[in-house]
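> Given chain A's structure and the hints, the job is docking chain B onto it.
Line order of the protein sequences matches chains A and B.
According to full-length UniProt numbering, the stretch in the first sequence is residues 1 to 93, in order.
According to full-length UniProt numbering, the stretch in the second sequence is residues 1 to 300, in order.
The hints are simulated quantities; they were obtained by calculation from the structure and are not laboratory data.
Don't be surprised by glycine CBs; every beta carbon is placed ideally from N, CA and C.
A portion of the hints provided could be inaccurate.
Claimed, not checked - Examples of chain A residues lying across from chain B (beta carbon under 10 Å, computed):
| no. | residue |
| --- | --- |
| 1 | 18 |
| 2 | 19 |
| 3 | 35 |
| 4 | 36 |
| 5 | 40 |
Claimed, not checked - Under 7 Å between C-beta atoms, here's a sample of chain B residues computed to sit facing chain A:
| no. | residue |
| --- | --- |
| 6 | 232 |
| 7 | 234 |
| 8 | 237 |
| 9 | 241 |
| 10 | 260 |
| 11 | 261 |
| 12 | 264 |
| 13 | 268 |
| 14 | 271 |
To be verified - Label-pair restraints from in silico Cβ distances:
| no. | chain 1 | residue 1 | chain 2 | residue 2 | range |
| --- | --- | --- | --- | --- | --- |
| 15 | A | 64 | B | 236 | 52 to 60 Å |
| 16 | B | 177 | A | 39 | 46 to 54 Å |
| 17 | B | 84 | A | 10 | 53 to 61 Å |
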Amino acid sequence: MALSSSSEIVRRPHPLEAAIGDTRVLLDVEQGLYFGLNGIATSIWQRLEQPVRVSDLCCSLKAEYEGEAARIEAEVLAFLALLDARKLIEIRA
Amino acid sequence: MTDGLLCGWRIRSDIALPELLDWQGDDRIPDLVVRLGEVDERLPEGREISPLLQIDGTGAGLLQVPMVGRFLVRPSGGITIAPQPEASEAEIRLFLLGSVLGMVCHQRALLPLHASSVAIDGGAVAFCGPSGMGKSTLALRFAQHGHSVVSDDICVIETCEPPRVRPCFPRLKLWRDTMEDAALSPEGLERNRRGQEKFHFRAPHAGVREPLPLRAIFLLRRAGSGEGEGIQRLAAPLDIMAALEAETFRLQVGHALGRAETLFQARALIANDVPVYRLTRRADAQPDRWLDAIAATIRG
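Just chain B, with the same shape it has in the complex:
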């Protein structure tokens, strides 16, 4: 099996990761190595961060997902998975490319934002917001208009000046009705979880390989009753900092790994360099209605 590309890392894996682009870089030793194997229930000297997660003093993490499996994530990049017999491959990948990826980001002092992102004019534009607010739907609509999907769910940010997004993979998790609204069929696609009406959709355009400058962040929210729709730039530094903190993927994991200061400085860097907008929409708003407004906002 060929190695894959994930956020700039060379990843070698015992399980197939069809959503990733192939590694085409140098012949370096893989940065991340995923193996199937035994994983103990306890991490020796591990501290419980949540009922499902332990972290030890070396920065290793043990994630236990009922009905799916155990994931041991070492800071060296070695990842061992002990799947439950009933787990589907898609479910194992869901957690590997979700919670585990988030942990790897925190181990490596990157900022994982809970966001989907797409490439617009050579930069990455991120969409944050609570589940069901339309992050992946917007990314899908941009993809249907020829834009590359840079990330789904976790947008990995490298805090240099200007901040850059390391592309994940061009796969979106979409509900059946979202796909049908976009004239796509979920037939033949892998389910996100057994029995769930959410599917893994691979975006049609070639994925992005190199980091892209982070152009803008949109915080998606629903309009309250009587409230108008629109795009508004956040101006107050404290509002921006609090919003970025709220959108950080697995913030508690980052803190447990001693990254509070790095994450704070990363947020400050973004607050200084990248415009953050609040995009307020009504629940029944057509997703396509906002594509031009978003593009126009970015282009100023």
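Next up, chain A with everything else stripped away, as it sits in the complex:
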């Protein structure tokens, strides 16, 4: 599924999670891979617990972090593409 601002995103159920210091550590047991999330990445990850539309996600981030809407969207899409490539999220229509 192609990723766009109208996509709905949800986490895949697999990864185990823990906070170590300021880092959010994820482990995908099936793939045997660790991921570390810092700062805003953690904040985005936490917002993916329930299915969310990319545009809504960007709005809520804009409300919390200062930033230009177009830049936030570009960075969010890039980060989501990364999570998708690592099979940590599912992209719905």
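Relative to the frame of chain A, chain B by itself:
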């Protein structure tokens, strides 16, 4: 025969377990009971985890060691051993207090780390690393300087805050040359396996009975050519998590018993609470050279 103490458990056994401390606790029913008896070749509805190990849906495990015997390990704590006629007692104990102990830890949601550990300043300090990297040798050298041996090979960690080590027994498996280097003689000691130049050495100091807080973990590694020696603290959470995973004793058994999440959370707890160091040494480094540096590192 009196009951023994193993990782806080009361253990009653048909075979003598001379490396264990005597049970001196309350009059509870034994937590682990070791019997000699018949053990089938197949665990009904067992899944093969490796050619030597099956695990079933109830969490029972069947370990089959060629030339040694079969070990049936029930989650209730009942352990039945069917030894091969040629097996020595030391070999049976080697697997009972090794692979079987690891399985019991996973059944009971403890984290068994592949490590030797000693008591320093009222806490346990663990040494991990590949075979031959000097885990037991370091423990021996600390023992010769008056420290108690808390575990050899399997360091059993209870994941509370702070994480604690449940003492195993004060016995080290040592190669002949390691003993001779430390001015000890293997004469009269039991061999680890028939024909092997590795011996069961009981550390001279009274063993530890109560759990100790885990003070530090040292990952032993050999210096590459041109690389310097030294102690370096791991800082990146992912490095610590991956190292602790790599050092988990029989990780696949833990996963087969459904402990992936518990083990992950245990690693995270340690990563948050306990410093993990990489200790890089040259192959020819004298073990004693590092004792003071290790103690100084722990004391900060």
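> Please test the hint of 52 to 60 Å on the beta carbon pair from residue 64 of chain A and residue 236 of chain B.
The hint (52 to 60 Å, Cβ to Cβ) is violated, given that residue 64 of chain A and residue 236 of chain B are roughly 27 Å apart.
> Does the CB of residue 261 of chain B sit less than 7 Å away from some CB of chain A?
With Cβ-Cβ at 5 Å, under 7 Å, it holds.
> Tell me if the interface restraint on residue 19 of chain A is satisfied: Cβ within less than 10 Å of some Cβ in chain B.
With a closest approach of 8 Å, the residue 19 of chain A hint holds.
> Given residue 18 of chain A as an interface hint, is its Cβ closer than 10 Å to any Cβ of chain B?
holds (3 Å)
> Can we keep the residue 241 of chain B interface hint, with Cβ of chain A closer than 7 Å?
holds (6 Å)
> Any CB of chain A closer than 7 Å to the CB of residue 260 of chain B?
Because about 5 Å separates residue 260 of chain B from the closest Cβ in chain A, which is inside the 7 Å limit, the hint holds.
> Hold the hint about residue 268 of chain B up to the distance rule: shortest CB distance to chain A must be less than 7 Å.
This interface hint holds because 3 Å falls under the 7 Å limit.
> Quick one, is the residue 36 of chain A hint okay against chain B at 10 Å, beta carbons?
This hint holds: residue 36 of chain A lies near chain B, its Cβ roughly 5 Å from the closest one there, short of 10 Å.
> Does residue 264 of chain B meet its interface restraint, that is, does its C-beta lie within less than 7 Å of any C-beta in chain A?
At about 4 Å, which falls below the 7 Å cut-off, the nearest Cβ of chain A leaves the hint on residue 264 of chain B intact, so it holds.
> Hint check: is the beta carbon of residue 237 of chain B less than 7 Å from a beta carbon of chain A?
holds (4 Å)
> Range hint 46 to 54 Å: satisfied by the CB atoms of residue 177 of chain B and residue 39 of chain A?
holds (52 Å)
> Report holds or violated for the interface hint on residue 35 of chain A, using the least CB-CB distance to chain B and a cut-off of 10 Å.
holds (8 Å)
Hints 5, 6, 7, 15 from the list above are not met by this structure, while the remaining hints are.
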